[in-house]
Every structure is written in C-alpha cells, then in structure tokens.
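There are 2 protein chains.
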Amino acid sequence: MSSTVEALAATPAGETPLLLRALRSEPVPRPPVWMMRQAGRYLPEYMAVRSKLSFLELCHDADLCCEVTLQPLRRFAFDAGIIFSDILLPLEAMGCPLTFGKGHGPQFSEPVRSRSAIDALRSIDPWRDLPAPLRAIQLTNARAGVPILGFAGAPFTLACYLVEGEGSKEWTATKSMMFTDPEAFTTLLNRLADMVGDHLQAQIDAGAAAVQLFDTWAGALAPDDYRRFALPAAQRALSRVKGAPTLYFTRDASPFLPWMREVGADAYGLDWRADMAHARAILGPDVPVQGNLDPQALQAPPALIAEKVRAIIAAAGPRGHVFNLGHGLVPTSPIAGVQAAIDAVRSWSWA
Amino acid sequence: MSSTVEALAATPAGETPLLLRALRSEPVPRPPVWMMRQAGRYLPEYMAVRSKLSFLELCHDADLCCEVTLQPLRRFAFDAGIIFSDILLPLEAMGCPLTFGKGHGPQFSEPVRSRSAIDALRSIDPWRDLPAPLRAIQLTNARAGVPILGFAGAPFTLACYLVEGEGSKEWTATKSMMFTDPEAFTTLLNRLADMVGDHLQAQIDAGAAAVQLFDTWAGALAPDDYRRFALPAAQRALSRVKGAPTLYFTRDASPFLPWMREVGADAYGLDWRADMAHARAILGPDVPVQGNLDPQALQAPPALIAEKVRAIIAAAGPRGHVFNLGHGLVPTSPIAGVQAAIDAVRSWSWA
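The listed protein sequences correspond, in order, to chains L and C.
For the first sequence, position 241 (counting from the first letter as 1) is numbered 241 according to the working numbering, and the numbering increases by one without interruption.
Basically the working numbering = 1-based index in the second sequence + 1000.
Below, computed lysine to aspartate or glutamate pairings styled on EDC-like, alpha-carbon distance capped at 20 Å:
{"no.": "1", "chain 1": "C", "residue 1": "K1169", "chain 2": "L", "residue 2": "E170"}
{"no.": "2", "chain 1": "L", "residue 1": "K169", "chain 2": "C", "residue 2": "E1166"}
{"no.": "3", "chain 1": "L", "residue 1": "K169", "chain 2": "C", "residue 2": "E1170"}
Cβ-to-Cβ under 7 Å is the rule here; a few derived chain L residues that face chain C:
{"no.": "4", "residue": "T172"}
{"no.": "5", "residue": "S176"}
{"no.": "6", "residue": "F179"}
{"no.": "7", "residue": "A222"}
{"no.": "8", "residue": "P223"}
{"no.": "9", "residue": "S254"}
{"no.": "10", "residue": "P255"}
{"no.": "11", "residue": "W272"}
{"no.": "12", "residue": "R273"}
{"no.": "13", "residue": "A274"}
{"no.": "14", "residue": "D275"}
{"no.": "15", "residue": "D294"}
{"no.": "16", "residue": "Q296"}
{"no.": "17", "residue": "Q299"}
{"no.": "18", "residue": "A300"}
{"no.": "19", "residue": "T332"}
If you are wondering where the hints come from, they were derived from the structure by calculation, not from laboratory data.
Computed from a predicted structure; not experimentally measured.
For glycine and all other residues, C-beta sits at the position ideal for the given N, C-alpha and C.
Model the full assembly from the supplied sequences, consistent with the hints where possible.
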C-alpha cells in the first residue's frame, strides 16, 4: 500500500480485500459494499469538477478521472471504487463521432446500420487509442487503498447505441438489423466483443482488481434472442479476460437467470426487481452475486433503508455476496441515504 | 349475433368464443389471437380518424371509439377486440386535468402529492362521469362478432402518473411518497383500486366479454414493495369485479411470477422477456396466460415471425393460452408483420 493512500476505508495491509473474498465465495464478516455510479452528479464535489469542462473532456483526462473516482471514497467508507469513465468511449475510439448534448443522452451522428459501416469500424489498441481510463486506474490504485474496478459495456448494449445512434425505449433500428440481417448484426457483435475483451484485459493489466461488464439493455430482448445474440457476445468478450474476477450486470436480469451463468462471468449483478433469495436459487446458489437495493429507496427514512439493506443481506446469505444497488445512483440520490445504506451494511455481522 | 355484424372472423353462432375457452383452460384447436394496442397509430385508417380531432376528443366520442375498435377487426382476423380508450381517462374524471401534448406523453398539470390532494379526488360513477367507453362497448358488441375486452390501468400504475404528473424512467416523486408517507400512498392506491374495480365492472355490465388490468409500471418496484403496494391494490380492484374473466398484465412480469397469482386474476399477461415455458412453470401450469411475442419482432421476415409464433405456442402448450404480443403495437409496427403473426397462429392445430 502506497504512503499516499488517503481513503478512510483502506484494507489493512496484508489482508485480501473484502470485495475479492466475496467474489470468491470465501467467508466474510459482512458483505463488501460499493455502488454503481458512486462517482457522479449526486456529489457536489463532482459537480464542481464538471462545471469546468464537458463530460467527454473529463472522461479523457486521467488525472481528473482519478480525482472523481476518489471523491466518493473520501466521503464514504466504500469497500471498492470503480474507475470514472463511460461505456461509449471505446466506440468513439473505433471512429464513431460521439456527443453528449445538454439535456440529451449520448448521440452518434453516424449510426452503424450497414455492413460497410461495420467494416469501417477501426480496431483499437487500448493504450494507444483510449489511455485515460488505464492511466486513471494506475493513478487511483496508488492512492485509494481499496480495490478499483474497471468496466466496459457489453457488446449487445454497445451495439444498441451504435445502431440506434442514441438511447431508445424500443430499439427499433437495432432490432430491425438483428431480425432482418442477423449475420451482419452478429459480425458487429463479434467485432465489439473482441474490442471489449481487450479493453477489459488492458484495465486488469493496468491494475483493476476486478472488471464489470454492463449489459444494460440486454433486457430489451426476448429470451431466444438473448441466447442467440447478447449471451454469446458477452461470453466471447469475457473469454478473452484473465487475471481478475469478472462481473456481469444487466438491468433486467430476472428472465435470463436460468441460463445467465453461461455468460461465463465470475459473479452476476442483480437489478432491484430481482428477489435476492429466489434469484440466487435459480442462478445457482454457488454463483456469487452483487446487488440489489432499489436506488430510489435511498429516498426512504434511514430506518427503512437499514431494514431493506438487512433484508437483502440476509436473503443473499453469508457467502458470495457483494452489496450494491440494483442500478446506478442518480443525480437526485440523497447523500444521507447513501450513508444510511453503507452504515447498515457495515454494521452487519455474519459472526 | 346481430345482423349488422361486419367482422370477418366472427365466432360461429352458438359456439363459445375461442378467447373465453382459452381463458377457462378448455380445449381449443388453436390459441385465440389479439394484440395489445391493435387499434392505433400503425393503421392508416386510424390516422385518418385522428387527423380530425385530438386524442382526448376521440376517447370521449363513443361512436368514433367504436369505429377505431372495429378498424383492426376489419383488416385482420383477430379473435377479440379491445375497446379503444386510455387508462388515464378515469383520473381526468376524478378531477385531475389531463393533457396529451404533441410529442409528449400524458401530463397532469396538478400532480397529486399530498393527503389534501388525495382527499380532493372525486369519486366517480362510470356511467355518469365516463360514459364513452361504456357506450362504445355496447355499440361495438352489436357489430363486431368477436368478444370485446374492456380494460383499466391498475392502481399502482395510475398512481405513478398521478404523483409524477407524467411518465418517468425513475418514478422519483412516486417512490418518494411511497417510501416517506406509505400510509398516504396506500390511501391513494385504495381510492384508485375502488374506482378501477367499479370501472371494470361497469364495462362488464356494458357487455365486455373480459377485462384486462394494465399494471404497466409495477415492474419499477422491488419485490417487497410490489407485494406491499402494487399487488394488494390490484387484488382489491379485481375483488370488486364479477361476471367475466379478468386478465392482469405488467410489462416486467418475470421477477413477480412466483407470487403473481395472488393478484387474483383469471389469467396473466406475460411480457416478451419472459420465457413462456419457464414462466408457466413458475406461475403455476394451471394458470391461463396471454402473450408474448416481442412487438419489435414484427419487423422480421414472415418466416422468422412464424417460427417465433410457433415456438411460443408450443411452449405455452394446448390449454390456457391466449396468443398476444408481450407489449403493445407501436406506430412503426409493420402491417405485414401483424398479418404474418396472425396467419401463423391461425394455421396452428392442436388436433
């Protein structure tokens, strides 16, 4: 551990961090806790950084990515950090112009909807073409004192944005391509899977203690299409990754739980709609899971938050559980609610 | 059957309609088929009607509601119609000013977020305060020749719109009220449940052959909150309904399937993410179900549509299945795809 470590919740020297013990289903006194999007707009110190530059400028500045990754670790006793970045950056590096307009989500001005557009995607070398998150992992590791996760978007979810050109409720263009030219769509998924695998591996090589694959929109698919397209693409990405535990998250996990372990991750994130005990039983009780408090429940009074946190921990059981939200924090998430949830996790004892 | 019956797929005189046989789990030669939002913007003849008046004006015109309900029955051999209306009309009748702006979804200018606002909601008498759908059911029944369904929004889903004031991804205001003043929120749900039950009963009394309760947004809830709030409210609404089969639909059914039959409906709609065979096994194989083709799959070539339709029918099995989409048709749904799906259902034979 470096002498510049500044976080309050640092793992004692010589001990394996709680996060890694939970991801290996080893005994833990309590589950480790971190929260998806724990670095972000609900924190005034993040807004202060963001007031000086755009979201994409921030994502490409390794020093500032390190800084905003550390911000929640200074304020809260989280057991892990996740590097500040965005799942769409690698697509920008592949040659797709990306913008984040005010009040809009991400937009690609040239959606990828043809075989020629797929062929025109550039192969990337993570260190050459997208160094910021890798350098940020190195910088953060030297200062955080807790494990730092890397991450990437899963191939299907990236394809959704790339084909649609923006977020969508229906993913009409994406599914049109998937249903009318499944070979081209599979080619796109495979290109993305290989890129994603290499990007995750580069993050591990840079020092990420674990990596999470976000398949946010896989839940738009019927189960047969999930098994035909999203699942094998995620599998292909993760098959390229070695040396650190992998997590797979989709925001609509429940319909896919009977087959989800075929993805080949070491652990699975559950969204807040999944019943923890039921989901573990279906997924396989030996499979580590992460989750799954409703992010909006952080609006509840502290006693109710604590009750909900304890119910999730009890249902998950003593092994193989990383406490998290069931989806990311939002700009309106109350800081007091985040604190109440962390307090409830940290006061739990399996002893 | 009236002599003015004009639909092509009319049930032969003296026979119990396929829809009702399937809802009773009686043997059928093939599943009945209808599609959620089958009257709507994907049909040019609907757009022609809508060009002359606003959506809300249409909803309050019983003759035109009958006309647009009949439109898809003229074009396609559906086994049922669903009366054209909107789940939010009863809230307007309760005294909440409702608008549908161009390019926006529905908006309530005065969101209901306090006990005084809940107390100010008017009780309604369906025939006095919302006659259009009831009169439209009578008019349509005299001409359609197939069963006509009535419907309503479930209490939790109506509360979402009423508290939020509009559609939402996060339902922040709704969940804030639910978590910080659960008694007031429950009072609101109970008021809505009683209104919804009476509205469904009035539709049955007017001649609806079955009624469907749309709990579209219940899937925003964690399972413990679903069981505490949405489920008992839907149960309460349906407990007031007699004389015709009831269906319950939510667009994120999978997490709730283990307990969903507690809602007390006669049949359950499955969204397109649910695996039909797995969902039936969990829900209870004796419980009739409806669904569940991905609406976007109607973009696929006819042969692929037929394959997907046949896979769903085979997985559902010979009894207690009403074929439908897993969510409503959208304005971009291709008419040829709707036709291909209907053809595939009608060519199925369990004999």
